[in-house]
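Required output: the full structure, derived from the provided sequences and hints.
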Amino acid sequence: MGQVATVHIKAGVYTDETARGAEPYWHDCDRIRFRSGLPEQIGGWRKMIGGNGAPIALLGRARAIHDWSSLDNQSWVAVGTHLKLYLLNSGNVYDITPLRDQGTLTDPFQAVGGNKTLTVNHVAHGCEPGDFVHFTAQGNATLNFDGEHRVARVITVDQYEIDLEAAPASGGNGGGAVDFEYEIHVGTASKDKVYGYGVGGYGQGTYGTPRTESTLYQSLRTWSLDNWGEDLLASPVEGPVYWWDRSLGPNKRAVLIENAPATNRWIMVSPEDRHLICFGAHTTQSRDAMEIRWSDQENFNDFTPTVNNTSGDKRLDAGSQIVTAIDTRSEKLIFTDEALYSMQFIGGTYVFGFSPLGRSVRIIGPNAAAQVNGVVYFMGDGDFFVYDGVLRPLTCPVRNHVFQDIDTFQGAKVYATVNRLYSEIIWVYPSAVADDNDRYVIYNYREQVWYFGTIDRTAMHDQSSAYGLPYGVDPNGHVYTHEDGVNADDQPMGSFLESYDIDIAEGGQFMHVSRLIPDFLAIDGQVELTLLGREFPQDDFRIRSGPHPITAMTRQINVRARNRQIAIRVAAATLDAYWRMGAFSAEVRAHGRR
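At position 172 of the sequence shown (counting the first as 1) the number is 172 in the UniProt record's numbering, and the numbers step up by one without a gap.
Some hints could be false.
What the hints assert, rightly or not - Cβ-Cβ distance ranges computed for the label pairs, FRET-style:
(1) P393 x T188: 53 to 63 Å
(2) D490 x T551: 20 to 30 Å
(3) G174 x N299: 44 to 54 Å
Honestly, the hints are just simulated from the structure, not real lab data. For each residue, glycine too, the CB sits at the ideal point set by N, CA and C.
This is the structure:
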């Protein structure tokens, strides 16, 4: 008989060490967390079902979520995608995307029987491909195309085409009097180069044709959302500010705030003093990506400073543009592309005071910061940082794992959120070869450990009065509640955790492992445990025993392995499986030096 040795593996995942240097830690994982020092599978998620009984599906890639409560105690969720602005309320979805134009056209349609292409005539329509347009005929017109459509092609400044779902039986010109509504231009789902006509220096390329090379980029569409009391304020990046008035109901669209800056990088409501603050705001003359402007107190439509109001402005110095801002308990943090600033309400003549907090620090994207208990955590372009009154790097033992496989060009897709249920800061981000966010990394601020995994979420939000659980949106627009059950919607969770090699022998001895004694504090369904062995640290070949199935009834596992080092891998790949693991024990005995 050998001796039974308990193997204790420390909490957290480490990837920035050699196998020997990180002993005894975990080195690889997916969809697990550490709670009270012990590993367990994360909670599951389920698609939200709408009032119509079908899963909620939004158009576009969600890049912002904000929720709040109205005076009648209803909960509201605003979601900004690259195509639309939505409200969610009691399982219902409302499209409140602002309009850029509306009116009445006369006989605007040209249709050909049996052809799905519809031509629309409208002088100076201003449409762009992909834009959403709405038509409502005033009478019983022969050509009736009521409803929402997308612009397929722009033919001229006075004419565009729509691709219909079904071809009309007969064609012709007409339509009678038709009311139209044009939504604001759609954004892009990804940052990309601009190759259109006019790119490049004068005289370069052929007149009237797109360029084949470009140094200009079009930013992906993000939104900044905040509530003004029970109302919503929303601004697409480099766009104006829109207002949704709760008193008018969810079937009314957000409307333009006429006197707010025409373009903005970010907006925020200062709730204590009731100012609307616009960052990277358009001045009265031109766009200035480093300008900050704030409204009069209690009036988000007055940005003109006078002796009788508190409107004002401030231009920051360090950087070429403001990227984002975030509110804390005592101050607002402003991130430029080169520095971090503090903004505090001081009242009096200046209203707000500003002070630099750090240079040569750059946040990776506008949604890459999260705040909890007055402490701000954010992802930079090569490291993680924390600000709790002092700015400093956040020690991260999985830093290389993240930054060696992230698409920093698409840094604006990175989205940070808090999961207060488990004291976690979560960043979802795109890996180097992904179209959109497919990875996450988590810092547990209570346990002070890190772990990572795979998930496809473009935006996420902590639990709130709107939903009692955290929630998020995938690239297809489906909304999910998280920490809900144990499955990945209708699929197995597919969790695993693997340790570094752990020495089980001293003095160069080989050890024979004959029995494993698992210690699962909770286990549902079937979990698999695999023993991995290595004779020398530099060996590539690993001796494998397993996978061994484990259920709640499993007391021990008989194995045969002769190694100097062992590692364990725990995995669950079946529906309804869940596990939480303590230490495990192994029966070992000396087996010579060769």
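These are the hints, each one checked on the structure:
| no. | hint | result |
| --- | --- | --- |
| 1 | P393 x T188: 53 to 63 Å | violated (32 Å) |
| 2 | D490 x T551: 20 to 30 Å | holds (23 Å) |
| 3 | G174 x N299: 44 to 54 Å | holds (47 Å) |
Violated hint for the displayed structure: number 1, the only one.
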